[in-house]
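Undergrad: Below, each chain spelled out in residue letters.
4 protein chains.
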Amino acid sequence: MAKDSENTRKKILDSAFELFATQGFHDTSMSQIAQKAEVSKGLAYNYFTSKEHLLGDILEQTFLDSMASWDRLMGKISTISDPAEKVRVMIDFYIDQLTTNQNFYRLYLSLLLQPQVLANLKPLLEKLKPRTDRIQEESYDLFRAMGSKDPEAEMWFIKSLINGVLLSIITAGDMIPLERVRQLLLEKYIAVSQN
Amino acid sequence: MAKDSENTRKKILDSAFELFATQGFHDTSMSQIAQKAEVSKGLAYNYFTSKEHLLGDILEQTFLDSMASWDRLMGKISTISDPAEKVRVMIDFYIDQLTTNQNFYRLYLSLLLQPQVLANLKPLLEKLKPRTDRIQEESYDLFRAMGSKDPEAEMWFIKSLINGVLLSIITAGDMIPLERVRQLLLEKYIAVSQN
Amino acid sequence: MAKDSENTRKKILDSAFELFATQGFHDTSMSQIAQKAEVSKGLAYNYFTSKEHLLGDILEQTFLDSMASWDRLMGKISTISDPAEKVRVMIDFYIDQLTTNQNFYRLYLSLLLQPQVLANLKPLLEKLKPRTDRIQEESYDLFRAMGSKDPEAEMWFIKSLINGVLLSIITAGDMIPLERVRQLLLEKYIAVSQN
Amino acid sequence: MAKDSENTRKKILDSAFELFATQGFHDTSMSQIAQKAEVSKGLAYNYFTSKEHLLGDILEQTFLDSMASWDRLMGKISTISDPAEKVRVMIDFYIDQLTTNQNFYRLYLSLLLQPQVLANLKPLLEKLKPRTDRIQEESYDLFRAMGSKDPEAEMWFIKSLINGVLLSIITAGDMIPLERVRQLLLEKYIAVSQN
DNA sequence: AATGAATGAGACTTCATTCAT
DNA sequence: TATGAATGAAGTCTCATTCAT
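Protein sequences, first through last, are from chains A, B, C and D. Every letter in the first sequence is one number past the one before it in the working numbering, and letter 148, counting from 1, is 153. Every letter in the second sequence is one number past the one before it in the working numbering, and letter 42, counting from 1, is 47. Every letter in the third sequence is one number past the one before it in the working numbering, and letter 109, counting from 1, is 114. Every letter in the fourth sequence is one number past the one before it in the working numbering, and letter 86, counting from 1, is 91.
If you are wondering where the hints come from, they were derived from the structure by calculation, not from laboratory data. Some hints here could point you the wrong way.
Which copy? The list can't say, so a pair holds if one copy fits it or any two copies do.
Mimicking DMTMM-like on lysine to aspartate or glutamate, the simulated pairs with C-alpha atoms at most 20 Å apart in a straight line are [to be verified]: (1) K193 to E90; (2) K193 to D155; (3) K164 to D179; (4) K154 to E184; (5) K56 to E23; (6) K15 to D70; (7) K127 to D179; (8) K41 to D9; (9) K134 to D179; (10) K127 to E11; (11) K164 to E184; (12) K127 to D146; (13) K154 to E142; (14) K46 to D87; (15) K164 to E192; (16) K132 to E57; (17) K154 to E11.
Since this is a predicted model, take the numbers as computed values, not measurements.
Given only the sequences and the hints, what does the whole structure look like? Please build it.
TA: So, in structure tokens, the structure goes:
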């Protein structure tokens with residue numbers, strides 16, 4: 006049945022994802038992936054053209070999921086009238102994403118820093134561009150609605166802030182007092198933005 | 006002469022550094038390093054026990070340089086009396102470091118995200134721990150002096166912010182309006198911290 | 006129905022033949038064959054024990070067809086009295102075969118040059134030996150009837166000549182002025198043989 | 006010393022040549038080549054970028070040798086005045102080449118029949134084109150000097166004849182009465198050409 | 001101090017073949 | 001009869017590392 010096949014595909018995908026995220030793309034071999042998925046090496050190649058395609062499929066899937074989350078967020082935000090509250094919700098959303106999808110972001114960041122690997126993902130990123138552009142614009146609009154003097158810089162600022170927290174979470178793990186930092190972030194950011 | 010030897014060592018170190026930073030650790034081979042350093046592979050192994058030791062030596066050197074910079078910064082900061090001004094100078098220092106040592110930080114981040122590689126660097130990090138701990142404490146003191154309610158969270162916050170900007174610089178390159186973001190960072194941060 | 010089954014078998018056989026001839030035996034996979042035949046891989050293995058057996062069956066079929074052609078030729082030649090005319094008709098026959106069955110001969114030649122593959126076809130060639138031997142004898146007789154001093158050498162000579170032209174056709178394709186070469190062959194050969 | 010290195014290279018080249026010629030390109034693995042050359046697999050890749058480059062280098066070397074032989078032949082022929090004698094010497098030369106370089110020609114023919122492999126050799130053939138063109142022209146001139154009505158067809162004819170004999174030698178091995186066929190070829194050809 | 005030839009483990013990938021359904 | 005998921009052996013190639021010179 007198609008279901009069996011889907012399960013196998015998912016098993017491979019999941020195994021690869023976890024290994025890529027925890028060991029890195031290069032330090033994970035197809036053998037390890039197959040072994041973890043309890044599948045032969047050859048079978049993995051029945052489902053995915055190459056190791057890089059496997060990575061691509063993982064990213065695509067997670068990007069799409071993540072974008073769907075964003076769309077739900079936008080729906081929710083559209084029902085809020087206070088701009089500051091909108092931003093607060095958005096920030097909450099981000100922090101939430103980071104903590105729940107930590108593995109994914111760890112993988113994603115490590116790829117961003119590996120030009121050779123990244124090059125092969127160009128087509129995927131190109132394909133997703135329309136949707137990422139829209140997200141960028143929607144963020145931009147949120148800040149403009151808040152009355153920011155320089156919404157573009159603001160967007161990069163918050164993006165960097167978020168990514169930085171992500172990085173701290175990933176690298177320092179449990180050492181970081183996440184809840185307190187989150188409070189700080191909300192307090193400060195909202196406060197500032199209301200200036 | 007010892008000087009010749011020192012030069013050779015440095016040539017290898019520099020070549021490896023540049024290649025690691027731009028291509029990643031895994032995508033750089035000892036052959037490439039030797040070639041760029043205009044040296045034989047064998048000779049590189051006379052100076053560095055293994056590829057990983059070579060990486061370790063690069064990091065150690067750069068960490069030491071960076072720590073020396075920090076010490077100079079602390080000296081300068083001790084002559085300032087206004088706590089907010091102290092923090093401003095520290096932030097300026099960070100941003101400066103990031104932009105001038107971009108290559109190093111790119112490498113460092115990518116390593117942070119590759120546990121497998123990182124594991125081999127444990128001894129080095131252990132060795133440097135006393136000094137990094139001291140830096141952490143000194144930052145902590147700066148925030149306490151500023152009257153922060155939660156200096157520890159504050160420290161992580163600013164650290165994340167800095168790292169996030171770093172990440173943006175590295176990954177988005179010229180697209181990011183760095184100067185405007187820097188202004189924003191200073192404005193906002195100082196303003197907030199004075200609350 | 007048996008007819009359906011026959012059709013399926015033929016579709017597989019034809020697809021394999023075309024692919025083997027144009028891409029070579031090694032560079033053709035069972036997957037490609039099955040795909041071209043619009044059949045599952047498993048089904049192909051229901052009809053043919055192995056890739057090599059499939060090749061064997063192709064060759065056998067074509068050899069048998071080719072031998073039947075030869076038999077018809079012999080019938081026609083037996084009605085001719087002039088020995089030289091007999092040879093002329095035979096040569097015409099060969100050239101015709103070559104140009105119409107080019108794909109087959111391309112495949113056959115490439116196999117002749119791959120001992121490893123050829124080895125597995127030994128049983129087939131052994132099985133066909135009686136008929137090929139008879140053809141050889143009949144050629145031999147034709148030359149003897151023409152009064153050749155050394156019919157055996159003559160037979161090899163004409164065989165080589167034919168195969169050589171075949172090779173030229175296959176490898177040089179349209180560059181070779183086939184019609185003029187054919188004229189030359191007939192002229193010269195007949196002329197010489199009449200000496 | 007460079008000599009050692011040259012020897013190793015030659016050992017690999019020779020081993021590969023023999024295996025390619027007797028087993029075919031595809032049925033020869035780099036492992037086999039390395040083993041026959043008494044060398045590690047890795048070392049073979051120090052000398053030759055890929056299996057296909059190895060093949061390319063073999064062909065190039067043999068082509069160049071063969072062309073040098075042709076040049077020597079032309080020198081010798083230029084001292085002969087009788088056109089028929091010139092052609093006779095040329096034919097002798099060809100037959101000689103075929104029997105002494107049988108392995109090479111077996112390999113070459115099998116490649117001619119494998120489009121996929123051949124495709125990768127395009128650059129090499131392109132590079133050698135000026136010299137092969139010159140040889141073609143010189144052959145052409147020989148026939149014109151003999152007063153042939155259609156030198157172009159004649160050239161293809163003799164070329165095919167030669168290749169056909171080659172094919173017979175390769176595939177039928179010792180069964181072919183080579184010396185008698187050679188006599189026949191010379192007799193007939195010279196006779197005909199003098200018509 | 002310096003070379004680079006040599007090794008060998010291990011990575012990615014392909015493909016003929018089998019088998020449960 | 002028919003499918004295609006699954007296997008595993010084998011192939012090409014890379015690269016950190018060693019060692020004779």
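Undergrad: Tell me the numbers of any earlier hints that the structure contravenes, in ascending order.
TA: 10, 12, 14, 17
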